[in-house]
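There are 2 protein chains.
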Amino acid sequence: MIGPLNHVGVAVPDIRKAIAFYRDVLGATDITEPQDLPPQGVTYAFVTLPSGQVELIEPYGENSPILKFLERNPKGGQHHVCFEVDDIHIAKTTMEARGMRVLNEPRIGAHGTLVVFLHPGDSGGVLIELMEAPDVEH
Amino acid sequence: MIGPLNHVGVAVPDIRKAIAFYRDVLGATDITEPQDLPPQGVTYAFVTLPSGQVELIEPYGENSPILKFLERNPKGGQHHVCFEVDDIHIAKTTMEARGMRVLNEPRIGAHGTLVVFLHPGDSGGVLIELMEAPDVEH
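So the protein lines, in turn, are chains A and B. This note's numbering puts the first residue of the first sequence at 1, with every later residue one more than the last. This note's numbering puts the first residue of the second sequence at 139, with every later residue one more than the last.
Calculated directly from the structure, the hints in this document are not laboratory data. All values derive from a computational prediction rather than experimental measurement. Misleading hints may appear alongside valid ones.
[Said to hold, decoys possible] Straight-line distance between alpha carbons at most 27 Å, and here's what the computed DSS-like set of lysine-lysine pairs gives:
hint, chain 1, residue 1, chain 2, residue 2
1, A, Lys-17, A, Lys-92
2, A, Lys-68, B, Lys-230
3, A, Lys-75, B, Lys-206
4, A, Lys-68, B, Lys-213
[What the hints assert, rightly or not] Beta-carbon label-pair distances, calculated as ranges:
hint, chain 1, residue 1, chain 2, residue 2, range
5, B, Gln-173, A, Lys-75, 24 to 34 Å
6, A, Asp-86, B, Gly-250, 46 to 56 Å
7, B, Arg-245, A, Pro-38, 26 to 36 Å
8, A, Leu-37, B, Glu-243, 33 to 43 Å
9, B, Ile-246, A, Pro-39, 40 to 50 Å
[To be verified] Which bits of chain B does chain A cover? Going by a derived footprint, with three or more residues having C-beta under 8 Å, they are:
hint, segment
10, 158-170
11, 190-197
Cβ coordinates follow ideal geometry from the N, Cα and C atoms, glycine included.
This is chain A alone, in the form it adopts within the complex:
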């Protein structure tokens, strides 16, 4: 059912400083320019590694869902984990049939494919994002 670990989402108070940390301290070389994603209330950048990515997310707008997270964790921290699925609608139906609360209707995520989030209260305190794999055709 769940496929590759696509990325780890890391909430940050200042995305420019976070990019500098991943580049200058950790030595990552492939980092995208920050992009705004107003529907999700985030500004994001991807740190692409030889496999896997870190998605840096800074609050965008007054209703950003990560503002509350940063109130509790002012320095930032791990916010979500994203797994790829073949088909987001089948994944949503399957998760609901197995008793999971799915937090949203499928919507376009930072990778340009459909995503849903699962309620962390149903998944061991981990906010799980399911993301339709970018290269799957229907």
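Fit chain B to the given chain A structure using the hints.
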């Protein structure tokens, strides 16, 4: 400098229940049996995905470093992120030269290779594990 995203570490209060969740709800098929790692104070199991892994960690012993984490997050949650490096000693020296606090001398981790942890206060609230890649020879 940092290589592949090897795994996300997820602290869990009950590793058997967590394994059942990843297997029966999320549909993961490759999950190891729980193993004790007394030096690190954890019992762990790996959920292996087509790429990347989730490391489930339950406290082992009274001095387990994740007991405090679970007091703050009783349901569990994302605990650390692990990146591979080619050489753990060079990585440690480099991180220290760049002002990072390295929390331990290199020691054997769950994958049988040397690991160090970086202080989350220096890395945006994220506990980062650096792990010598399993297939690198010296």
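Structure-based check of each hint:
1. A:Lys-17 / A:Lys-92: With Cα atoms ~35 Å apart, Lys-17 of chain A and Lys-92 of chain A exceed 27 Å; violated.
2. A:Lys-68 / B:Lys-230: 34 Å, violated
3. A:Lys-75 / B:Lys-206: 19 Å, holds
4. A:Lys-68 / B:Lys-213: 19 Å, holds
5. B:Gln-173 / A:Lys-75: 24 to 34 Å: At 32 Å between Cβs, range holds.
6. A:Asp-86 / B:Gly-250: 46 to 56 Å: With Cβ atoms ~33 Å apart, the hint is violated.
7. B:Arg-245 / A:Pro-38: 26 to 36 Å: 45 Å, violated
8. A:Leu-37 / B:Glu-243: 33 to 43 Å: 41 Å, holds
9. B:Ile-246 / A:Pro-39: 40 to 50 Å: The hinted range 40 to 50 Å holds for Ile-246 of chain B and Pro-39 of chain A, with Cβ atoms some 45 Å apart.
10. 158-170: Coverage by chain A holds here, the residue count being 6 at a Cβ distance below 8 Å.
11. 190-197: Since 3 is at least three, the answer is holds.
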